[in-house]
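Undergrad: Which chain is which? The protein sequence lines are A and B, in order. Heads up, the first sequence is in numbering that gives the first Met the number 0, so the first residue is 0 and it goes up one at a time. Heads up, the second sequence is in numbering that gives the first Met the number 0, so the first residue is 0 and it goes up one at a time.
No lab work stands behind these hints: they were computed from the structure. Check each hint, because a few of them may be wrong.
Treat identical chains as interchangeable: a pair holds within one or across any two.
[Stated by the list, open to error] Subject to a maximum C-alpha distance of 30 Å in a straight line, what follows is the list of computed DSSO-like cross-link-like pairs (lysine-lysine):
{"hint": "1", "residue 1": "246", "residue 2": "108"}
{"hint": "2", "residue 1": "246", "residue 2": "146"}
{"hint": "3", "residue 1": "3", "residue 2": "246"}
{"hint": "4", "residue 1": "261", "residue 2": "146"}
{"hint": "5", "residue 1": "261", "residue 2": "22"}
{"hint": "6", "residue 1": "108", "residue 2": "261"}
Protein chains: 2
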Amino acid sequence: MVLKHEQMADEIVGIGRRVQNLKTAVDLGAIHRYVTDSQEGIRGADLIVLATPVDTYERQVREWRPWLHPGAIVTDVGSVKGTLVERVEQLLPSGIRFVGAHPIAGREKIGVAAGSLTLFRQARCILTPTATTDAVALQQIRAMWEKAGSTVLTMDPHLHDRVLGAVSHLPHVVAFGLINALTEIQRRATPEVDLLTYGGGGLRDTTRIAASSPEMWRDICVWNKDNLVSMLDDFEEQIRHLKQLIKNGDGPSIEREFERAKTVRERLR
Amino acid sequence: MVLKHEQMADEIVGIGRRVQNLKTAVDLGAIHRYVTDSQEGIRGADLIVLATPVDTYERQVREWRPWLHPGAIVTDVGSVKGTLVERVEQLLPSGIRFVGAHPIAGREKIGVAAGSLTLFRQARCILTPTATTDAVALQQIRAMWEKAGSTVLTMDPHLHDRVLGAVSHLPHVVAFGLINALTEIQRRATPEVDLLTYGGGGLRDTTRIAASSPEMWRDICVWNKDNLVSMLDDFEEQIRHLKQLIKNGDGPSIEREFERAKTVRERLR
Numbered sequence: 000m001v002l003k004h005e006q007m008a009d010e011i012v013g014i015g016r017r018v019q020n021l022k023t024a025v026d027l028g029a030i031h032r033y034v035t036d037s038q039e040g041i042r043g044a045d046l047i048v049l050a051t052p053v054d055t056y057e058r059q060v061r062e063w064r065p066w067l068h069p070g071a072i073v074t075d076v077g078s079v080k081g082t083l084v085e086r087v088e089q090l091l092p093s094g095i096r097f098v099g100a101h102p103i104a105g106r107e108k109i110g111v112a113a114g115s116l117t118l119f120r121q122a123r124c125i126l127t128p129t130a131t132t133d134a135v136a137l138q139q140i141r142a143m144w145e146k147a148g149s150t151v152l153t154m155d156p157h158l159h160d161r162v163l164g165a166v167s168h169l170p171h172v173v174a175f176g177l178i179n180a181l182t183e184i185q186r187r188a189t190p191e192v193d194l195l196t197y198g199g200g201g202l203r204d205t206t207r208i209a210a211s212s213p214e215m216w217r218d219i220c221v222w223n224k225d226n227l228v229s230m231l232d233d234f235e236e237q238i239r240h241l242k243q244l245i246k247n248g249d250g251p252s253i254e255r256e257f258e259r260a261k262t263v264r265e266r267l268r
Numbered sequence: 000m001v002l003k004h005e006q007m008a009d010e011i012v013g014i015g016r017r018v019q020n021l022k023t024a025v026d027l028g029a030i031h032r033y034v035t036d037s038q039e040g041i042r043g044a045d046l047i048v049l050a051t052p053v054d055t056y057e058r059q060v061r062e063w064r065p066w067l068h069p070g071a072i073v074t075d076v077g078s079v080k081g082t083l084v085e086r087v088e089q090l091l092p093s094g095i096r097f098v099g100a101h102p103i104a105g106r107e108k109i110g111v112a113a114g115s116l117t118l119f120r121q122a123r124c125i126l127t128p129t130a131t132t133d134a135v136a137l138q139q140i141r142a143m144w145e146k147a148g149s150t151v152l153t154m155d156p157h158l159h160d161r162v163l164g165a166v167s168h169l170p171h172v173v174a175f176g177l178i179n180a181l182t183e184i185q186r187r188a189t190p191e192v193d194l195l196t197y198g199g200g201g202l203r204d205t206t207r208i209a210a211s212s213p214e215m216w217r218d219i220c221v222w223n224k225d226n227l228v229s230m231l232d233d234f235e236e237q238i239r240h241l242k243q244l245i246k247n248g249d250g251p252s253i254e255r256e257f258e259r260a261k262t263v264r265e266r267l268r
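With the hints as extra help, turn the sequences into a complete structure.
TA: The structure is reproduced here in structure tokens:
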């Protein structure tokens with residue numbers, strides 16, 4: 000949508016499976032036209048933006064790499080990088096330049112209708128160049144995201160997965176787990192009332208991201224599983240500790256732990 | 000503030016420790032005047048609203064019960080009820096009528112400046128009458144909260160603690176624990192960057208309530224500890240399960256669990 004609005008490309012072609020979403024993309028002015036046959040879309044393209052669940056990258060790149068034209072740039076918007084970036088780099092023919100990108104924006108909604116010209120404004124976009132990344136391609140992708148209003152930074156793909164594992168992937172798993180726990184608690188402890196009707200703003204905020212795409216988050220969890228499992232260990236340790244303090248009725252220690260969290264949380268603006 | 004604005008009381012007297020907060024209360028039109036000596040405030044009062052951390056209730060009621068005038072109504076705004084309501088009822092002299100109340104509103108802010116005439120509008124307020132609650136007093140407290148714009152419902156005090164334990168207390172402990180886990184992860188996995196600067200809207204929402212008052216939440220945890228410990232067990236079980244699926248790279252099962260959460264979360268409006 001930004002590329003089209005800023006006239007940064009002669010023609011923007013949407014490639015997808017869901018025709019309805021593609022039609023909406025045309026209506027919203029995000030693309031000039033669409034195709035459902037990827038060969039048709041990839042041939043002659045100067046820039047290919049992968050924007051599907053990350054587990055499909057490998058299958059997709061294998062499918063359309065014969066049709067890439069020399070010098071083309073492939074980039075993505077996926078929430079995991081690390082080994083995924085290495086895998087894509089290995090799959091692409093020589094002469095094709097890959098730049099991993101992760102715009103940190105968007106909420107729990109999916110589909111083109113959830114997008115807007117302002118979605119990426121004031122957001123961060125992390126580019127994850129490797130030793131083999133072409134400097135010119137990196138600069139072009141940076142320029143694209145800056146045009147969208149994002150603050151662009153670069154980071155090692157593996158560090159990216161640790162950072163995002165902590166600030167994004169872990170909170171998502173926690174939110175999904177919290178909702179599933181409420182389902183159990185409803186059954187066990189409050190069968191006589193509908194728990195969810197009593198939820199206030201706290202519950203709503205804490206679990207908003209549990210309405211995120213299960214397909215997308217499945218892939219992120221699988222592709223970042225080593226980091227995520229360690230971080231879930233860390234999280235479980237904190238919950239176990241708090242539970243023990245509560246069980247002991249140890250008010251002063253509970254307050255100290257909450258105070259420690261509050262101090263850190265207040266730095267997050 | 001609502002009582003004063005709606006002229007539902009001849010005089011509203013703030014009793015507190017922090018003079019600055021009490022002065023702000025006068026400035027904001029929440030009270031007519033204030034006292035720091037509770038005896039002075041309680042003598043002659045028709046209605047006493049307890050609005051301090053719940054662990055102070057017992058000490059306070061013991062302190063000022065000699066000065067209560069016969070027929071006075073005591074109510075509260077605390078987030079736990081259950082045995083706390085029983086305790087307060089036992090402490091009050093006969094002829095003094097107690098009605099437990101829990102307005103489900105307010106965010107992570109504390110102090111009178113965080114209040115407003117509209118804070119309780121469209122919020123639920125749960126009253127927790129017991130076998131000994133006076134029907135007239137219950138009706139008066141109901142009328143007060145309805146005047147504030149709340150939807151009033153009644154519930155057994157112990158059921159209240161199970162319901163709120165699930166939809167409010169558990170999410171708070173989870174949010175505090177998540178922030179403390181991030182502190183550990185920062186130290187262990189990403190010492191080279193400041194993790195919090197990468198947090199997006201998901202992290203911000205999920206952990207907003209970790210900025211809540213440690214003192215208030217300490218008391219809530221201690222007073223609702225039996226329910227909360229069982230619910231933390233349920234939550235840990237869900238997290239352990241998700242972690243195992245992620246460790247196994249079991250995409251279909253992860254997606255099924257996330258889908259289950261999403262379906263429930265979408266019912267929460």
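Undergrad: Confirm or reject each hint.
TA: Hints, one by one, checked against the model:
In the homo-oligomer, the alpha carbons of residue 246 and residue 108 lie at most 30 Å apart only across protomers (27 Å), although the nearest pairing inside one protomer, at 39 Å, exceeds that limit. Proximity of residue 246 to residue 146 under the C-alpha cut-off of 30 Å is found in neither arrangement, the shortest distances being 53 Å within a copy and 39 Å between copies. Neither within a single protomer nor between protomers do residue 3 and residue 246 lie at most 30 Å apart by alpha-carbon distance, with minima of 58 Å and 41 Å respectively. Taking identical chains as interchangeable, the C-alpha atoms of residue 261 and residue 146 are never at most 30 Å apart, the minima being 36 Å within one chain and 34 Å between chains.
Taking identical chains as interchangeable, the C-alpha atoms of residue 261 and residue 22 lie at most 30 Å apart only when they sit on different chains, with a minimum of 26 Å there against 46 Å within one chain. In this assembly of identical chains, the alpha carbons of residue 108 and residue 261 lie at most 30 Å apart whether taken from the same copy (29 Å) or from different copies (12 Å).
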